[in-house]
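A.B. asks: Position chains B, C and D against the provided structure of chain A, taking the given hints into account.
Protein chains: 4
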Amino acid sequence: MVIELAAIPDVQSLPDTRNLSIDRVGIRDIRQPVRIQDRSAEEQHTVGTFGMYVQLAPDVKGTHMSRFVEVLEEHPGVYSLATFPELVREVASRLGAERCEVEMHFPYFMQKSAPVSGVTSTLDFEVTLATELDGDDIIEQLTVEVPVTSLCPCSKTISDYGAHNQRSHVTATVELVEPLWIDDLIALLEDKGSCQLYPILKRPDEKHVTELAYDNPKFVEDIARDVALAFNADERIGRYRVTVENFESIHNHSAFAEITGGMDDDDEADEASRPVETNGTNGAH
Amino acid sequence: MVIELAAIPDVQSLPDTRNLSIDRVGIRDIRQPVRIQDRSAEEQHTVGTFGMYVQLAPDVKGTHMSRFVEVLEEHPGVYSLATFPELVREVASRLGAERCEVEMHFPYFMQKSAPVSGVTSTLDFEVTLATELDGDDIIEQLTVEVPVTSLCPCSKTISDYGAHNQRSHVTATVELVEPLWIDDLIALLEDKGSCQLYPILKRPDEKHVTELAYDNPKFVEDIARDVALAFNADERIGRYRVTVENFESIHNHSAFAEITGGMDDDDEADEASRPVETNGTNGAH
Amino acid sequence: MVIELAAIPDVQSLPDTRNLSIDRVGIRDIRQPVRIQDRSAEEQHTVGTFGMYVQLAPDVKGTHMSRFVEVLEEHPGVYSLATFPELVREVASRLGAERCEVEMHFPYFMQKSAPVSGVTSTLDFEVTLATELDGDDIIEQLTVEVPVTSLCPCSKTISDYGAHNQRSHVTATVELVEPLWIDDLIALLEDKGSCQLYPILKRPDEKHVTELAYDNPKFVEDIARDVALAFNADERIGRYRVTVENFESIHNHSAFAEITGGMDDDDEADEASRPVETNGTNGAH
Amino acid sequence: MVIELAAIPDVQSLPDTRNLSIDRVGIRDIRQPVRIQDRSAEEQHTVGTFGMYVQLAPDVKGTHMSRFVEVLEEHPGVYSLATFPELVREVASRLGAERCEVEMHFPYFMQKSAPVSGVTSTLDFEVTLATELDGDDIIEQLTVEVPVTSLCPCSKTISDYGAHNQRSHVTATVELVEPLWIDDLIALLEDKGSCQLYPILKRPDEKHVTELAYDNPKFVEDIARDVALAFNADERIGRYRVTVENFESIHNHSAFAEITGGMDDDDEADEASRPVETNGTNGAH
Numbered sequence: 001m002v003i004e005l006a007a008i009p010d011v012q013s014l015p016d017t018r019n020l021s022i023d024r025v026g027i028r029d030i031r032q033p034v035r036i037q038d039r040s041a042e043e044q045h046t047v048g049t050f051g052m053y054v055q056l057a058p059d060v061k062g063t064h065m066s067r068f069v070e071v072l073e074e075h076p077g078v079y080s081l082a083t084f085p086e087l088v089r090e091v092a093s094r095l096g097a098e099r100c101e102v103e104m105h106f107p108y109f110m111q112k113s114a115p116v117s118g119v120t121s122t123l124d125f126e127v128t129l130a131t132e133l134d135g136d137d138i139i140e141q142l143t144v145e146v147p148v149t150s151l152c153p154c155s156k157t158i159s160d161y162g163a164h165n166q167r168s169h170v171t172a173t174v175e176l177v178e179p180l181w182i183d184d185l186i187a188l189l190e191d192k193g194s195c196q197l198y199p200i201l202k203r204p205d206e207k208h209v210t211e212l213a214y215d216n217p218k219f220v221e222d223i224a225r226d227v228a229l230a231f232n233a234d235e236r237i238g239r240y241r242v243t244v245e246n247f248e249s250i251h252n253h254s255a256f257a258e259i260t261g262g263m264d265d266d267d268e269a270d271e272a273s274r275p276v277e278t279n280g281t282n283g284a285h
Numbered sequence: 001m002v003i004e005l006a007a008i009p010d011v012q013s014l015p016d017t018r019n020l021s022i023d024r025v026g027i028r029d030i031r032q033p034v035r036i037q038d039r040s041a042e043e044q045h046t047v048g049t050f051g052m053y054v055q056l057a058p059d060v061k062g063t064h065m066s067r068f069v070e071v072l073e074e075h076p077g078v079y080s081l082a083t084f085p086e087l088v089r090e091v092a093s094r095l096g097a098e099r100c101e102v103e104m105h106f107p108y109f110m111q112k113s114a115p116v117s118g119v120t121s122t123l124d125f126e127v128t129l130a131t132e133l134d135g136d137d138i139i140e141q142l143t144v145e146v147p148v149t150s151l152c153p154c155s156k157t158i159s160d161y162g163a164h165n166q167r168s169h170v171t172a173t174v175e176l177v178e179p180l181w182i183d184d185l186i187a188l189l190e191d192k193g194s195c196q197l198y199p200i201l202k203r204p205d206e207k208h209v210t211e212l213a214y215d216n217p218k219f220v221e222d223i224a225r226d227v228a229l230a231f232n233a234d235e236r237i238g239r240y241r242v243t244v245e246n247f248e249s250i251h252n253h254s255a256f257a258e259i260t261g262g263m264d265d266d267d268e269a270d271e272a273s274r275p276v277e278t279n280g281t282n283g284a285h
Numbered sequence: 001m002v003i004e005l006a007a008i009p010d011v012q013s014l015p016d017t018r019n020l021s022i023d024r025v026g027i028r029d030i031r032q033p034v035r036i037q038d039r040s041a042e043e044q045h046t047v048g049t050f051g052m053y054v055q056l057a058p059d060v061k062g063t064h065m066s067r068f069v070e071v072l073e074e075h076p077g078v079y080s081l082a083t084f085p086e087l088v089r090e091v092a093s094r095l096g097a098e099r100c101e102v103e104m105h106f107p108y109f110m111q112k113s114a115p116v117s118g119v120t121s122t123l124d125f126e127v128t129l130a131t132e133l134d135g136d137d138i139i140e141q142l143t144v145e146v147p148v149t150s151l152c153p154c155s156k157t158i159s160d161y162g163a164h165n166q167r168s169h170v171t172a173t174v175e176l177v178e179p180l181w182i183d184d185l186i187a188l189l190e191d192k193g194s195c196q197l198y199p200i201l202k203r204p205d206e207k208h209v210t211e212l213a214y215d216n217p218k219f220v221e222d223i224a225r226d227v228a229l230a231f232n233a234d235e236r237i238g239r240y241r242v243t244v245e246n247f248e249s250i251h252n253h254s255a256f257a258e259i260t261g262g263m264d265d266d267d268e269a270d271e272a273s274r275p276v277e278t279n280g281t282n283g284a285h
Numbered sequence: 001m002v003i004e005l006a007a008i009p010d011v012q013s014l015p016d017t018r019n020l021s022i023d024r025v026g027i028r029d030i031r032q033p034v035r036i037q038d039r040s041a042e043e044q045h046t047v048g049t050f051g052m053y054v055q056l057a058p059d060v061k062g063t064h065m066s067r068f069v070e071v072l073e074e075h076p077g078v079y080s081l082a083t084f085p086e087l088v089r090e091v092a093s094r095l096g097a098e099r100c101e102v103e104m105h106f107p108y109f110m111q112k113s114a115p116v117s118g119v120t121s122t123l124d125f126e127v128t129l130a131t132e133l134d135g136d137d138i139i140e141q142l143t144v145e146v147p148v149t150s151l152c153p154c155s156k157t158i159s160d161y162g163a164h165n166q167r168s169h170v171t172a173t174v175e176l177v178e179p180l181w182i183d184d185l186i187a188l189l190e191d192k193g194s195c196q197l198y199p200i201l202k203r204p205d206e207k208h209v210t211e212l213a214y215d216n217p218k219f220v221e222d223i224a225r226d227v228a229l230a231f232n233a234d235e236r237i238g239r240y241r242v243t244v245e246n247f248e249s250i251h252n253h254s255a256f257a258e259i260t261g262g263m264d265d266d267d268e269a270d271e272a273s274r275p276v277e278t279n280g281t282n283g284a285h
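For the protein sequence lines, the chains are A, B, C and D, in the order given.
Counting along the first sequence from 1, when you hit position 130 you're at 130 in this note's numbering, and nothing is skipped either side.
Counting along the second sequence from 1, when you hit position 211 you're at 211 in this note's numbering, and nothing is skipped either side.
Counting along the third sequence from 1, when you hit position 94 you're at 94 in this note's numbering, and nothing is skipped either side.
Counting along the fourth sequence from 1, when you hit position 78 you're at 78 in this note's numbering, and nothing is skipped either side.
Keep in mind the hints are simulated off the structure, nothing from the lab.
Among the clues, some could well be false.
The list treats identical chains as interchangeable, and a pair is accepted whether it falls inside one copy or across any two copies.
Result set (DSS-like, lysine-lysine): computed pairs, CA atoms no more than 30 Å apart in a straight line [said to hold, decoys possible]:
#1 LYS61 <-> LYS112
#2 LYS202 <-> LYS112
#3 LYS61 <-> LYS202
One chain only, chain A, in its complex shape (with noise of 0.2 Å):
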């Protein structure tokens, strides 16, 4: 039996008497096996969790769900920061868009040699792609978080041995204004935390990694500070935000640090009228 669709309504295409556009609409929280592109000669294999939205016209019932999906099914499904430009004009072509964004949330995989024995490892790192079309204009954003060692300079300089440190989250979220590398962003972050992480560590590694901490002793506010002015002197980046949380192993609960920058005069002026957010910033979940 044929269905013929032209015969079921378009209750999505119906018109809308609320004369009220909607900023953003769509889909979020579809996952897909993925590939990235970076650096590296070779693609990496993850999974990706996607947000797709579109601007609606005031005068237009809803929008067409399917069609994101079907973007995605169609996508060869190898993605880049120099690809999801295009990526997101032809879902905002699909949906007969003039602004349109798409998120892509992943685990990202590098590399990790020891630091004293150069035994190899794979650690994890959380990643997003986020690009948005206005128009003409593209904006585009990368954000990483890494985890590192911080070590307190409190702790260690009035205790007469050892120093409390812990696993802490540095997240930077970037405007690119010339290409950037993933892997480059993580290095930069991975470098500035009291040490790194590493999944295996021999002994001599755990050694040098507890002294080299020691030797490196970090508030939130120091890492924050040292991403900042390493972004302000890097002429790839734009506006940025990063923020530090330290989960502290003598609390219960989390320091916490952020700068934005990046931002020339005129935006300062918006910084200070800045609309509505949420900020998330509360760990509420």
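C.D. replies: What follows is chains B, C and D alone, placed relative to chain A:
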């Protein structure tokens, strides 16, 4: 043995030469038993999760994290939108900061009466109070996440019988121009889905909500627009963001819509060049 | 208009021909404000998340889910290990079941005094009361998750200075042979890490906990064994499971140890051929 | 500079005098890119999260955590139910243990064809392989979590039109007596809800699934029983546990059912006196 505090170095107060102020530094994910004052005569006991942040001057190495907790411990523990600014001023004063933000997230409970039987039961909502102090300026935000039933207009129209429906989250963050009860904002949002939720539904109630949802189909777009229309007509509410997420019963992903509004013309300009933000709309965790 | 309940079919009570009893059927993830009675004189207000289940006979189609919520709504809302069996019997009675289980999970708060300054502050713990009724038999379980500091003995021994440390979760589930205060079980576990946690630590306190943890290094294995030794010597505790998870500060994964004990010889035999269980030990979510 | 490993003390290998064996010690929440071999000809790339544990003898202080990671790093990275026992034996051998457990959790993807249009799209499932080695005995478990639509028989029967429905999770853990494809277990569970899920549904498909679910109403009890019946008749499956959770569209809590089966008479006796377990059924986090 008396330990003399003066003899222990205050590392946080050391000067910093990087000449970078920190936008927000403080603590997060700290929990306390709290009481919430709202419209109802009696206070409500619940558990608050706090984020507390100050701006740090460019010439100081670190903030004094323990003072944030001290403010919480010394506080009588009764919170409301009316008294939250006092808390923020106290934090700013104690930390010696010009700018300060405090967020408190908590489950909030309201009595619901089943629509036919009238049986009462207790429904839970996620609520966040957030106040930002900048010099003499105070911005107060209230966020509520309201679970509702949504029933798909397309599914209803094209099917001979039945219609897919699901639990949805309608979440609004509003800046308060005039006082607004948490209860009122929740009730406003509950009214905009296809049907409200109830912990207890007797059989006549279940018949009622089933038929009511079928009589009142709504896309995520419809719910977002109906909330925005109500906000635009409400003088207590300034700038706002409303999001609707359907945990689709026919897919393994969500449908999503978002409207940001309540801005004057200048704000619109800001929106166009808004600073970097981590949207957090992709379900990343 | 009066709707006559008798006129509405009771689908759940229909007969079922598949001849399969259901081990556990009910509701979960329902939240209510609750009060907890424990050793301290005053009741503690918090928020409980319940799971409530009964066994269903092979010849009945479904249980009556709304009755679980009714029991909660009619309950005075004050819970303790001593009174939890009454709640379970009430659920069993209302649902007409021989077997019944009720779990209540909640954040629980204790006052901590900083070790040197004596400054008090409020620390949060995750606690679960669970009671299983089978005919006339009652099994009462108490679970507490206690955050502590752990400091690595290997890192300390092999390094010239410093030692990596981190926040750890020590979690114990115990079957009660005699009454046991939540406070006592928490205190027992807190004592077995390298150092306890405190929300407020003044500088002399921070010096103290830093040095104490360094003087008291422990692997996950050490903490698990020290808890098991204490449990084996405690007549209030029957069968138990203790787990320790270190959120390693030098890795992006956890170290983990688990001991199950308190069983007599017959139980040991059971353990060898234990039924299928979803361990939930892999951090899956 | 050569650091001589022999000169660095091996703290883990020190003797322990507490005379307590540790049931499970190891690492968890470590992620790696993996390939899964199943029925389909091609391997599937995804991301695995591992838990790896051994039993520790009573006279040894600690296990060697880095060896677990070494086994993963040296592994070719292709996993299947058929080859998982080799991995577990390798872990046991490397750690010198008699008892060993390895779990790997991963998102798994299957192609779905929409029921009328035939459009294909990719649906994600949560899968866990878990193998336990005890001397020469091997127990292999496969867990799949399958999202489906469930439509309430009561709501349909008592209402003049419509019926509430929602996304549900059908989760089964099975012990394998004979080989079983992941694809087959998923397909078996998908078939037991009111309707399957699809990422892409064109309008004729949406009409089909809406009406199919309405024609096929099922309680959590019905789905659990239908799965259990299928398992009881399947010679590949030994002991099992099936759970069904409805994220109710008319409540803010879940309906839940669980059946444990496939046990012989001896096992039944074990079940009656099962050891303490942390059920994890209360949504605690």
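A.B. asks: All the hints need checking, so say for each whether the structure fits it.
C.D. replies: Structure-based check of each hint:
1. LYS61 <-> LYS112: between (51 Å within a copy, 29 Å between copies)
2. LYS202 <-> LYS112: within (13 Å within a copy, 38 Å between copies)
3. LYS61 <-> LYS202: between (61 Å within a copy, 18 Å between copies)
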